[in-house]
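A.B. asks: Chain by chain, the residues:
Protein chains: 2
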Amino acid sequence: MTAATVSRALSDHPEISAKTKDVVKEAALRLNYNPNRIASSLRSGKTHVIGVLIPTAENAFFGSVIHGITNLARKQGYSVLIHECDELHELEVKGIQTFIGARVDGIIVSMSRNTLNYDHFLEVKRRNIPLVFFDRVPEDLGMPTVVIDGYKGAFLATQHLIDQGYRRIAHISGPVFIRTFSDRLNGYLAALKANNIPVEKELIYTGNISIESGMEGTRHLLQLPQPPDAIFAAEDFTALGILKQLKNSRIQVPQQFGIFGFCNDMFSEHTTPSLSTMDQQTVVMGQEAFKLLYGIITSDSSVITNNRCVIEPIPIFRESSLKTSIS
Amino acid sequence: MTAATVSRALSDHPEISAKTKDVVKEAALRLNYNPNRIASSLRSGKTHVIGVLIPTAENAFFGSVIHGITNLARKQGYSVLIHECDELHELEVKGIQTFIGARVDGIIVSMSRNTLNYDHFLEVKRRNIPLVFFDRVPEDLGMPTVVIDGYKGAFLATQHLIDQGYRRIAHISGPVFIRTFSDRLNGYLAALKANNIPVEKELIYTGNISIESGMEGTRHLLQLPQPPDAIFAAEDFTALGILKQLKNSRIQVPQQFGIFGFCNDMFSEHTTPSLSTMDQQTVVMGQEAFKLLYGIITSDSSVITNNRCVIEPIPIFRESSLKTSIS
DNA sequence: CTGAAAGCGCTTACAG
DNA sequence: CTGAAAGCGCTTACAG
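As given, the protein sequences belong to chains G and S, one line each in that order. Residue numbers for the first sequence follow my numbering, so the first one is 1 and each next one is one higher. Residue numbers for the second sequence follow my numbering, so the first one is 1001 and each next one is one higher.
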């Protein structure tokens, strides 16, 4: 029996007899034979490895997305290479080069905050390596992406605060040059408009995604001539800062003041009061990213129609915004 | 110029002239040449890939350790393959087989809770693939491990509660058949002894690492004839449950009751009051695991002397245990 | 249904 | 200092 026959038997080649397959498989098991995937990859041109490039694994969001990706990947026989860029464009480029060197079958990326130059992604495209982005996606590159509907999430959050009877609703945003945060700002603005509430520019504070900026923004908003009685925060750390500052100022949440966050971070259900927020379905996001990539890898045609997946945000109503259920 | 010369020039082989190297490197850059690492691996027998096997990436602890591993690995030119076992022994075995098939240069493992059979690890050893464990390590396999000093952490936490003036200190443990939790239980017992405090069995409640079991344990302890006035919890979710139950029972923390947790989970600094806990230096743990593995990979001798790395726990004193600074 | 042969793209011992 | 040749362990088109 030759290596060719063994190879075919182990991969269930249709032209091999059942008897031969049995003999080969039994022997493989007995001898603890573990095929060399490196050799297989070199010959077949398929590595069954995908690369995942993220800012950092030290972050519940990305950890959760990785979980979604690897779980589905394993079921389809793919292994996952992880690279972190630590928000450095240079390391992002290096990660892509490593993936190309490893001849991965596809790449999933969430960009560094500091990436403005897309040459490395264009190089991936030039080499016809399937590429999917999630959450932090490049604009106008026409590449497949998975994102959360931040506009809708912000709209729903703001509408909820209005429905709960809050009258002046402020927004503490993140850096709005980032699409993620401008989307949420726009959703907030749209909800005000839909309720015929005039937009007041002084009620919009630009923060930087941190507890400190949440506190700072709150102090700023509270000393306005007409302070707000609720804040929609662009993400949960900001919301936590708002909560801390209101406690310092002895303002009751949610009775006197409402808070709504975004992200459903680990801690948000454990604060006192617990934080209302938008869940981003992070595991689903990872799964959808892999599905999109897998679809491209396995499609013979290079034309992918549905190349944009939008995840629904799920409102999580907790104590910080439920005025009516308390009063 | 032959492929051999190019290969040598690119890897800075000492026998190649500087001029040739320059020519080759310039051309490589100009043509966007990216060497095929698969072919290189097949020939050289080194993949420069390590495998990391964890229960799940959807957990801040493991995400943080991965961060520590990948950061150091990248600096040494290694890529990281991730596999999750979802606490299933079967998937753990599959992950090891995948790593062997991928011919990784080394493997880092934190075991599934349900792993009792070590055959897959012995197979790794038999194939002389360097293997390092962290946190959840097998007993008596004599393999290199990185663990936190849970005994010491528990001792320090208990001593701190005593020093703060708490008189009856209970312990809500995790499943004590797991070494991690028996170590912490023993550290608690040792601290009591060191202070001549008699051990009372009814003050030790066995929980299951959850908010619910923290609450349940607290209810149980509070209805004792002589209830405790402080609890050292084996980990932070349990500590959070304790806090929630004490709030329900209108018991003031830390004035009437002290709480000390373990792990320094994301949420623990954001509860009200914030939770005192033991930080596990998770990033350092990942770094040490990689260092240990790298040492084995690069050592010519297979004799590794220091094959056990013990990480110091760092006490984080927060509101839930600081009675004296308040009164 | 199975075998013989070529080849994936590198690296490296050997020769000069 | 550089080249020619072999070979890593598979897969696959071709032949029978």
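Honestly, the hints are just simulated from the structure, not real lab data. Here the structure is a predicted model, which is why all the values come from computation and not from measurement. Be aware that a few hints might be false.
[Said to hold, decoys possible] Simulated pairs of lysine-lysine, DSS-like, Cα-Cα distance not exceeding 27 Å:
id	chain 1	residue 1	chain 2	residue 2
1	G	Lys75	S	Lys1094
2	S	Lys1247	G	Lys94
3	G	Lys25	S	Lys1025
4	G	Lys291	S	Lys1075
5	S	Lys1075	G	Lys94
6	G	Lys125	G	Lys152
[What the hints assert, rightly or not] To give a feel for the contact side, a few chain S residues facing chain G, derived at Cβ under 10 Å:
id	residue
7	Val1006
8	Lys1021
9	Pro1035
10	Val1093
11	Glu1216
Glycine residues also receive a C-beta, built at the ideal position from the N, C-alpha and C atoms.
A.B. asks: Run every hint past the structure and note whether it holds.
C.D. replies: Hint-by-hint comparison with the structure:
{"no.": "1", "hint": "G/Lys75 - S/Lys1094", "verdict": "holds, 11 Å"}
{"no.": "2", "hint": "S/Lys1247 - G/Lys94", "verdict": "violated, 51 Å"}
{"no.": "3", "hint": "G/Lys25 - S/Lys1025", "verdict": "violated, 47 Å"}
{"no.": "4", "hint": "G/Lys291 - S/Lys1075", "verdict": "violated, 31 Å"}
{"no.": "5", "hint": "S/Lys1075 - G/Lys94", "verdict": "holds, 11 Å"}
{"no.": "6", "hint": "G/Lys125 - G/Lys152", "verdict": "violated, 31 Å"}
{"no.": "7", "hint": "Val1006", "verdict": "violated, 15 Å"}
{"no.": "8", "hint": "Lys1021", "verdict": "violated, 20 Å"}
{"no.": "9", "hint": "Pro1035", "verdict": "holds, 6 Å"}
{"no.": "10", "hint": "Val1093", "verdict": "violated, 12 Å"}
{"no.": "11", "hint": "Glu1216", "verdict": "violated, 18 Å"}
In this structure, the earlier hints numbered 2, 3, 4, 6, 7, 8, 10 and 11 are contradicted, and the remaining ones agree with it.
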